[in-house]
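Novice: Protein chains in written order, with my numbering: chain A, 1 to 336; chain B, 1001 to 1336.
Everything labelled a hint here was simulated from the structure, so no lab data went into it. A couple of the hints might just be wrong.
Computed list of chain A residues with no C-beta within reach of chain B, every gap over 12 Å [stated by the list, open to error]:
#1 LYS203
#2 ASN210
#3 LEU284
With a straight-line cut-off of 25 Å between C-alpha atoms, the simulated DMTMM-like cross-links for lysine to aspartate or glutamate are [stated by the list, open to error]:
#4 A:LYS266 with B:GLU1032
#5 A:LYS62 with B:GLU1104
#6 A:LYS293 with B:ASP1224
#7 B:LYS1062 with A:GLU104
#8 B:LYS1301 with A:GLU331
#9 A:LYS264 with B:ASP1283
#10 B:LYS1233 with A:GLU280
#11 B:LYS1264 with A:GLU280
#12 A:LYS293 with B:GLU1280
#13 A:LYS62 with B:GLU1070
#14 A:LYS301 with B:ASP1226
#15 A:LYS90 with B:GLU1070
#16 B:LYS1062 with A:GLU137
#17 A:LYS90 with B:GLU1262
#18 A:LYS181 with A:GLU200
#19 B:LYS1301 with A:GLU137
#20 B:LYS1266 with A:ASP85
#21 B:LYS1264 with A:GLU333
#22 B:LYS1114 with A:ASP85
#23 A:LYS293 with B:GLU1137
#24 A:LYS35 with B:ASP1226
#25 A:LYS62 with B:GLU1137
#26 A:LYS114 with B:GLU1089
#27 A:LYS293 with B:ASP1226
#28 A:LYS25 with B:GLU1104
The C-beta atom is built at its ideal place from N, Cα and C for all residues, glycine as well.
Protein chains: 2
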Amino acid sequence: MSSVNIIELAKYLNISKSTVSRALKDSYEISEETKARVRAAAKELNYQPNPYASSLRKHSSKTIAVVVPEVLNNFFSTAISGIEDVALEKGYHVLIYLTHDNAESEVAIFNLLKSGRVDGIIMAVTSNPDQTNHIKELHDRGIPIVFFDRICDNFDTVKLVTNDLESACKATEHLIEKGCKRIAFLSVLKTFSVGNNRLEGYKQALTKHNIPIDESLIVRGSQDYDNNYQLIKQLLRSSNPPDGAFAPVEKMATTFYYACNELKLKIPNDIRIISFCNLETADLLQPPLSTVKQPAFEMGKTAATLLMNSFEKKKYKLTNEIIVLPSQIIERESSR
Amino acid sequence: MSSVNIIELAKYLNISKSTVSRALKDSYEISEETKARVRAAAKELNYQPNPYASSLRKHSSKTIAVVVPEVLNNFFSTAISGIEDVALEKGYHVLIYLTHDNAESEVAIFNLLKSGRVDGIIMAVTSNPDQTNHIKELHDRGIPIVFFDRICDNFDTVKLVTNDLESACKATEHLIEKGCKRIAFLSVLKTFSVGNNRLEGYKQALTKHNIPIDESLIVRGSQDYDNNYQLIKQLLRSSNPPDGAFAPVEKMATTFYYACNELKLKIPNDIRIISFCNLETADLLQPPLSTVKQPAFEMGKTAATLLMNSFEKKKYKLTNEIIVLPSQIIERESSR
């Protein structure tokens, strides 16, 4: 059931907002008759009181929420650093909420955010959002939202992404240029824009180089990394194993390293690999890992700057646009 | 200047809390005389109104705050996962606040927390807290606080630590047993319990094995890692360089790896290293890094469990105790 705010309630009753407010607070200044009318309408229209509404309208909570899947992932923890960088400078506090890539958690977090604690939201949505009503409800109430990395197309606001498709295509082509003919795709993300774009980039590169797409080379992993480890080992031990691997997710690359270690496969001699990865230690791995490095810090910084501009400048409005910050391919030993 | 809450104010005036409350709200039910008396006392005693006080007393915000230096550190991001694990199960929300190891930021965060948004706090304090009044103020108001890792001794509550001194001693002894005679200590933390305990453990191990403590082997780094990198290189290039290194901080170990790479020093042949470290990729580094692995996940889980027990069970109270969760020494190639 949808709810109304105090402005809508006042409009419906054709009385002033302050009269509604005082009636709901059982003020002695308001007649019992009016109080009864207001209470009945509030019930009928499902009015949801918001104790922090006035603070919110003035943007005075000086707090923004960052909703991300996890902080054990270097992309997100680095993006948060970028957000914090701007927030500290502008005197804003950052509250971090983790969804664990779980749609139900995301809904629960938005229920919490409904209480009006924040001036705005920066978020990377979960991989499988069944619906986005919870986001819509807050957005409709005027809470500005900026999406990054894992974006939601159906909102009129700024979305920050990297050039996933193009980078994935380039990374795959890089392996092809090194002589790889059977390139595995080690995915985790499911029915999701980021994952889909990277898969599409991988497929485009193969097609461009006349390499047939072999579905058996596409590992479709989950959040269960023990299982992902088994899936990768299974592929590496198959009768027709890959000679290269492209990981669209950092943790799949390290899982791949462990699998190769166990199977005594040498990277890059037996198999090459390149991965989307923001690990600070990519350079120190045995062998150093070739990476597609996302502009995580810049993305966080840009998201926070745009969101805060929308608070501060009356004229600045978050418009419906996609801003692309390019990723950088860094070739290291693992794909030589 | 210290402040009083409404209960203390009522006690001082010898009138009921609800009378004070209504007087402060300028209620028509209260005489002008009483209102004037209440206002004067409120000013005199520095009464701080707390709009969410009633919600807080009922522990109804169902939200806890986690205050940590950073999330780009695997120890803290893993501890947060442990906290979230318990919070999700118990239906609590977790708000994460980052201090960037800056005492001023910590004070600002506590000013925000004073508005009464959370039922309790789990925190690792900054390295250089000049004072702890901001923490005391909230603690005195009845907000339960559990400290972990970087604890604050002067509060009557549970503090979770690992056996820093003992683990540091064992790690140093491990290097001595491998034949190291000149062991560097690569510190970052400053005048701080965790850092001091680890330094003390290092010194105890040397003393036990009749190795003189050489201050020139103690690198005193800062948050400026470019500078730390220079300090380490300087030490490695000195006329009497170390043959082993103990890093009480993960990032000093990776900085050390980079320095060795640049100077073409081979680990462990030219120099051995062991580090406090929760990097998931410790095993995949070139060479695999020997680590003192802190029980980060368990620490987060225990902190959250104890804090939430203190909400739910009227009989459970956070008492003044230090709980030690042991770290684990994992020997790998870097110290062989």
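Novice: Is it true that the CA of LYS301 of chain A sits at most 25 Å from the CA of ASP1226 of chain B?
Specialist: holds (22 Å)
Novice: Looking at LEU284 of chain A again, its CB stays over 12 Å from all of chain B?
Specialist: violated (5 Å)
Novice: Assess, step by step, whether the Cα of LYS1266 of chain B is no farther than 25 Å from the Cα of ASP85 of chain A, and give holds or violated.
Specialist: violated (37 Å)
Novice: Would the pair LYS1264 of chain B and GLU333 of chain A pass a check requiring their Cα atoms to be no farther apart than 25 Å?
Specialist: holds (17 Å)
Novice: Under the criterion that the straight-line Cα-Cα distance not exceed 25 Å, is the pair LYS62 of chain A, GLU1104 of chain B satisfied?
Specialist: holds (17 Å)
Novice: Next pair to validate is LYS1301 of chain B with GLU137 of chain A; report whether the Cα-Cα distance is within 25 Å.
Specialist: Between LYS1301 of chain B and GLU137 of chain A the Cα gap is close to 33 Å, so the pair fails against 25 Å, i.e. violated.
Novice: Compare the distance between the alpha carbons of LYS293 of chain A and GLU1137 of chain B with 25 Å, and conclude whether the hinted pair is satisfied.
Specialist: violated (44 Å)
Novice: Holds or violated: LYS1062 of chain B with GLU104 of chain A, Cα cutoff 25 Å?
Specialist: holds (17 Å)
Novice: If you draw a straight line from the CA of LYS1233 of chain B to the CA of GLU280 of chain A, is it 25 Å or shorter?
Specialist: holds (19 Å)
Novice: Check whether the Cα positions of LYS1114 of chain B and ASP85 of chain A lie no farther apart than 25 Å.
Specialist: The hint holds at about 23 Å.
Novice: Would you mind confirming whether the straight-line C-alpha gap from LYS25 of chain A to GLU1104 of chain B stays at or under 25 Å?
Specialist: violated (39 Å)
Novice: Does the structure keep LYS90 of chain A and GLU1070 of chain B at a Cα separation of 25 Å or less?
Specialist: Since the Cα atoms of LYS90 of chain A and GLU1070 of chain B sit roughly 19 Å apart, the hinted pair holds (cutoff 25 Å).
The structure fails to meet hints 3, 4, 8, 17, 19, 20, 23, 24 and 28 from the earlier list, while all remaining hints are met.
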